[in-house]
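So the sequences go chain by chain: A and B. With the first letter of the first sequence counted as 1, position 108 gets the number 108 in my numbering; the numbers rise by one all the way through. With the first letter of the second sequence counted as 1, position 55 gets the number 55 in my numbering; the numbers rise by one all the way through.
Don't take each hint at face value.
Remember, identical chains collapse to one label, so a pair may be satisfied in a single copy or spanning two.
Once the Cα atoms are required to be at most 27 Å apart in a straight line, the calculated DSSO-like pairs of lysine-lysine come out as [stated by the list, open to error]:
id, residue 1, residue 2
1, Lys87, Lys175
2, Lys151, Lys111
3, Lys120, Lys3
4, Lys76, Lys155
5, Lys123, Lys155
6, Lys76, Lys156
7, Lys149, Lys52
8, Lys120, Lys87
9, Lys25, Lys87
10, Lys52, Lys146
11, Lys76, Lys52
12, Lys120, Lys146
13, Lys156, Lys61
14, Lys155, Lys87
15, Lys3, Lys87
16, Lys175, Lys123
17, Lys52, Lys123
18, Lys101, Lys2
I should point out that these hints are in silico values taken from the structure, not numbers from a laboratory.
Protein chains: 2
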Amino acid sequence: MKKQIGASTTFFPMPSALVVTGTAKNPNIITIGWICIVSGNPPTIAFSLLNKRHSLQLIRKNPVFTVNIPPADKYKEVDYCGIVSGKDTNKFRDVNFTALKSLNVDVPHIKECPLNMECKVIKEMELGERAIIFGEILETHVDSDKFTKNKIDVKKINPLVYCSTVREYWNLGEKIGLGFSAGNCFPKEKKSK
Amino acid sequence: MKKQIGASTTFFPMPSALVVTGTAKNPNIITIGWICIVSGNPPTIAFSLLNKRHSLQLIRKNPVFTVNIPPADKYKEVDYCGIVSGKDTNKFRDVNFTALKSLNVDVPHIKECPLNMECKVIKEMELGERAIIFGEILETHVDSDKFTKNKIDVKKINPLVYCSTVREYWNLGEKIGLGFSAGNCFPKEKKSK
């Protein structure tokens, strides 16, 4: 039995990424759940921002940003960066995060996040009360201690998960299978007409 | 210490959603990790598809779709729907999924997925070798046994998580905090000039 809850943005699991905008000298952090990869060639990521957001003004002045994947144990810091505005406070200082100089863009990435992407804006799209920002990913940083046998170790990254509507932060449980592999157990049959 | 791995789409956690296109009589399923909510007003979701995908042809013929959140224990079915093309086979039959009639769109949702959204295409954007499909969410269905005290119970939904690049399916672990609440522990200070 299905229950209808109406037109809703109830959708999870989501990442809870920290997007840094502004400049190297004056960076700001915003928490974004509505973010995903949109292309592999070139690597491109997109996220949604309310038009009134301070971060949107900053990204229009300096059209670069970094995406930072926080570990689950920083969920309080992540939540804080989504609650307050950079107009009013310096969030790097408030949550004691360290700004690391980026290689390709004049905006820092966050040391305390094990996975970071440097991005430059390639497109902005209007969508009602929101702007969708598309950024080409120029470089990816991973903490050097988050690899096992030269492969990124998800358990060591320990990424934070967000579930909207219920407004809950979760961590990951267990690896249960491999992509482009687990599905090979099904026989592929001819389509019936 | 950070290690640089180049311009990459390494980004997780991601959902691993099943998008159904086509028609009620002839539906097709595709697995999409590059999908996220982009607006709340009206509720809107977007996802990325390679131009060559069969599902893109189907969605252009009938510009509606459903988004279905699979439970973690269906990871083999999910993986299969990402490996094979609906041009060659009937994936509903192959993985033994049940097509349920939708209320607002002429394309079904999947019974075996505890969370489903009915959507109509409101925009398509070209992005190199890909199309980004934007859909307004018209209705959300949740299995009636996935609530606890009238609130959606994430543990009961048990959503599947995908980690790209390492190509791993994961389940969720534990709830660790509440959004728009956990961050209130930090003192908000005046921005230093």
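Please write out, lowest number first, the hints stated earlier that are contradicted by the structure.
1, 5, 7, 10, 13, 14, 15 and 16
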